[in-house]
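Heads up: the sequence lines are chains A and B, in that order. By the numbering used here, the letter at position 93 of the first sequence is numbered 93, and the numbering carries on one by one without gaps. By the numbering used here, the letter at position 62 of the second sequence is numbered 62, and the numbering carries on one by one without gaps.
Hints in this document: simulated from the structure, not taken from any laboratory. No experiment lies behind these values; they were computed from the predicted model shown. Treat the hints with care, since some could be wrong.
[Claimed, not checked] Computed from the model, here is a short list of chain A residues facing chain B with C-beta under 8 angstroms:
# : residue
1 : SER9
2 : ALA19
3 : PHE89
4 : SER93
5 : ASN96
6 : LYS102
7 : GLY108
8 : GLN112
[Said to hold, decoys possible] A few chain A positions that, by computed beta-carbon distances, are all more than 12 angstroms from chain B:
#  : residue
9  : LEU11
10 : ASN67
11 : SER74
12 : THR99
Built from N, CA and C at the ideal position, the CB exists for glycine as well.
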Amino acid sequence: GENVEQHPSTLSVQEGDSAVIKCTYSDSASNYFPWYKQELGKRPQLIIDIRSNVGEKKDQRIAVTLNKTAKHFSLHITETQPEDSAVYFCAASRLNTGTASKLTFGTGTRLQVTL
Amino acid sequence: KAGVTQTPRYLIKTRGQQVTLSCSPISGHRSVSWYQQTPGQGLQFLFEYFSETQRNKGNFPGRFSGRQFSNSRSEMNVSTLELGDSALYLCASSQGLARYNEQFFGPGTRLTVL
Chain A
1 GENVEQHPST
11 LSVQEGDSAV
21 IKCTYSDSAS
31 NYFPWYKQEL
41 GKRPQLIIDI
51 RSNVGEKKDQ
61 RIAVTLNKTA
71 KHFSLHITET
81 QPEDSAVYFC
91 AASRLNTGTA
101 SKLTFGTGTR
111 LQVTL
Chain B
1 KAGVTQTPRY
11 LIKTRGQQVT
21 LSCSPISGHR
31 SVSWYQQTPG
41 QGLQFLFEYF
51 SETQRNKGNF
61 PGRFSGRQFS
71 NSRSEMNVST
81 LELGDSALYL
91 CASSQGLARY
101 NEQFFGPGTR
111 LTVL
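If we strip away everything but chain A, and leave its shape as in the complex, we get (with noise of 0.2 angstroms):
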């Protein structure tokens, strides 16, 4: 099955610094790749996504890049803020297919923004 290894485990940062967040997948057939951030007792809520027909995407501080041949994908954040303090998780899965719904997540990064 897929495996997402996700580095590193935990991130400082100052604020206005960016944060950059890197994870590899070994299933060669996952083409769906979303970032989730989970703030403290709260529910984890997908920021961005990506799939494997595209090699970046951005929304506004937040990008995404993918290399298909390498199979590693990173989160970028530029312009860190307190707020961005959480943590971060990357996933993949197979769209197109019957196990489009089964998410395979990486383990997390801390992100911590510090004045």
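Following the hints, put chain B in place on chain A, whose structure we already have.
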């Protein structure tokens, strides 16, 4: 639209007991997936129900089971509870379309097994 809701939010049980958790998806969503979240194992997929049928299953023992009703509400049952079952159980709903699968999570049920 109302979001995904889960009940109860907190539950304390003892080893050997069984528990039933409930999840109400977003209106119109036909797929409900269940995940177990623990500090050590992260978020792990339990199973998915779509149109009252289990469509996908993760690598959990048979003590974990579920069902889905005609209104798409889903229940998850854990029998013969073990200490290691203590976790946050999250459900997520989606339209269930194979070509698009944005999943929306509920707030979770925190289960503590003593």
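Status of the hints after comparison with the structure:
no.	hint	verdict
1	SER9	violated (10 angstroms)
2	ALA19	violated (19 angstroms)
3	PHE89	holds (6 angstroms)
4	SER93	holds (6 angstroms)
5	ASN96	holds (5 angstroms)
6	LYS102	holds (5 angstroms)
7	GLY108	holds (6 angstroms)
8	GLN112	violated (17 angstroms)
9	LEU11	holds (16 angstroms)
10	ASN67	holds (22 angstroms)
11	SER74	holds (18 angstroms)
12	THR99	violated (6 angstroms)
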